Each structure stands twice: as structure tokens, then as C-alpha cells.
Amino acid sequence: MRRLAPQCLLVLLVPVMLAPTRQQAPTTSPRFAYLDVFIDPRGSALAAYQFELNVDQNAATIVGVEGGEHVAFNAAPYYDPAALTYGRIIIAAFNTGSDLPTAKTRVARLHLRIASSAPEYRVSLETAADASGKKLDQAVISFDEKGNTP
Amino acid sequence: MDPESLPSRVVEALRASEPQPTVPPQLDAAILASARIAIRRRARSRWIIRAVVASGAAAAVVAIGFRWSTHPDRQPQVAFVREDLNRDGRVDILDAFYLARKLDAAGAPDKSQDVNGDGKVDRSDVDAIAAAAVRVSTVGGGAS
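Going down the list, the protein sequences come from chains S and B. Position 25 of the first sequence, counting from 1, maps to 635 under the working numbering, and the rest follow consecutively. Position 107 of the second sequence, counting from 1, maps to 132 under the working numbering, and the rest follow consecutively.
Only chain S is shown next, with the shape it has when bound in the complex:
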């Protein structure tokens, strides 16, 4: 009887080991990308901006935020760190100096972990202002997803 015990155990375990694994999530290997956000103040000096980005939380996760290309906005902007766990983030920055961009400029770069093939982003410019604090109603926002590092 003692000799049969390992064999019985083996007989019981083999089917379990050979059985196909249970339903696994569709395997879309996540990739990392970044989203560049641009603001074009159309000739006015851009001194402050605030925009909101929404993305389906299942499609992409925001993993980091960095500043823009112009010296006025290359420091990390203001954002809520808790937003990294949401599909919604508000990003804002200002500069009280005189060296300000007057043409289209990248104001922020968002690093993303993307789970789906083509996440849908919604970016809206909430406000933009010149050095005197006057709102720039003509300013436009755009974005561009780049990078693919699986």
C-alpha cells in the first residue's frame, strides 16, 4: 500500500498538470509610450496654462509627467500625484518670467503604460494666459503619442 501511494498521487496530479490553463486574459502585451501635449498661443506670450487629459483607465495608465521643451515650462508641471491611478489628470504650470513661448510648444510629456492597441485620449485646454494674466482664448491644444517600448 505504501508503494502505491506515490503512484496514485502521480496519477491524480498528471491530468491537472496537463490540463489547459483556465481562461487567460487576452494577451496584449503592454507597451510604454509618451504623449506630448502642445499649446499654440498663436503669437501671444504663453505664461500659464491648464489642461485636462482623460483616457480609459483600462486602456492606458499614466505613469509619469515631465515638463515641456521651452525653458519657461521645462520644470515639472503641477499635477495631482493621485491622478496617476485615475484615468483623468489635470496638468498646469505658469512662469512669471519674460522669456515665454509665442508659438506652438510642447508644454508637457506624459508617460503611459498602454494596455490596448489604440487608447482614446481626450485633451482639453481649460485655460491659458499671457504674462499679464489675460486669458488667451485663441490658444489651441494638441497632442501626439510617441514611442513604443514593449
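Hints listed in this document are in silico derivations from the structure and should not be mistaken for laboratory results. Please read all numbers here as calculations on a predicted model, not as lab measurements. Some clues are possibly wrong.
Said to hold, decoys possible - These stretches of chain B come out as covered by chain S in the derived footprint (C-beta under 8 Å, 3 or more residues):
| no. | region |
| --- | --- |
| 1 | 46-54 |
| 2 | 106-118 |
| 3 | 156-162 |
Claimed, not checked - Dumping the calculated DSS-like pairs for lysine-lysine here, alpha-carbon to alpha-carbon at most 27 Å:
| no. | chain 1 | residue 1 | chain 2 | residue 2 |
| --- | --- | --- | --- | --- |
| 4 | S | Lys744 | B | Lys136 |
| 5 | S | Lys744 | S | Lys714 |
| 6 | B | Lys127 | S | Lys744 |
| 7 | B | Lys136 | S | Lys745 |
| 8 | S | Lys714 | S | Lys745 |
| 9 | S | Lys714 | S | Lys756 |
| 10 | B | Lys127 | B | Lys145 |
| 11 | B | Lys127 | S | Lys745 |
In this text, a Cβ means the ideal position worked out from N, Cα and C, and glycines have one as well.
Chain S is already provided as a structure; the job is to place chain B on it using the hints.
Leaving out everything else, chain B in the frame of chain S:
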């Protein structure tokens, strides 16, 4: 004696014997002119009184209407949050920018702009306003 008891002939004779008063025409004209002036003055003062009363009533109506329209119950309740420094009804980066510019200009800061309540108005208040502007971790997202 009662004149009614006298014969009418006697009464007429007595009346005829009384001297008739004579008023010089100049005096008559002067009395008439002064009477006219007095009547005109009275009419003018009456108009002035009417105008004053009407103006007072109109002013009272306007004052009551103004009080009614500006009564707190009639005003839309706009509750500005502390961070909304530019009083545009929402907290955004422009409020932080407003305070930062004010601090850079070395303007005398207003104590009401001590957003973080540390007893002074400085860059930390700017950061506190900016943090409130981008907050999404509360229900409803950023302060507004």
C-alpha cells in the same frame, strides 16, 4: 331800528343822502396788480410743493426698489472659495499665477491670500492654490 321796518322810500332817501366812496383809478389799479401778483405767487408755490412731493415720492419708490433688488435674499449666492483669488468663480492655475505675479512685484500681500493659513503670504500659498487647481482625487475633481 330795523331798516326793514322803514318805508322803502325813506330807505332810498337815506341811501341817496350818504356820500358815495370814490377810489382813485391809480389805487384801484395798484390793488388789482398786487392782487394778481399774490395770486401768481400762490399758484407758483403750489406747483413747487407739488413738485417736491412728487420728487420725494419718486425718490422713495426708487430707494425701496433698490433696497428690494439688492436684498441678500434676491442676490445670487456666489460663494467664492478662498483659493479663487481672481474671483472668476473657479480655482485654476490663473489664481496661483495671480498671486505669484503679485509676490514677484513685491506688492503688499493681502492677508486673505494666506491660503495655507501659516500666517504669511508666500510661495507656499502659490503652491497650495496650484495644488487645489489640479486636484482630481476628490469627488468632482479639481476645485471650482
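Status of each hint after checking the structure:
1. 46-54: n = 0 at 8 Å, threshold three: violated.
2. 106-118: holds (count 3)
3. 156-162: holds (count 6)
4. Lys744/S x Lys136/B: Distance of about 24 Å is within 27 Å: holds.
5. Lys744/S x Lys714/S: Status holds; Cα separation ~18 Å.
6. Lys127/B x Lys744/S: 15 Å, holds
7. Lys136/B x Lys745/S: 26 Å, holds
8. Lys714/S x Lys745/S: Distance of about 17 Å is within 27 Å: holds.
9. Lys714/S x Lys756/S: 18 Å, holds
10. Lys127/B x Lys145/B: 14 Å, holds
11. Lys127/B x Lys745/S: Holds, at roughly 17 Å.
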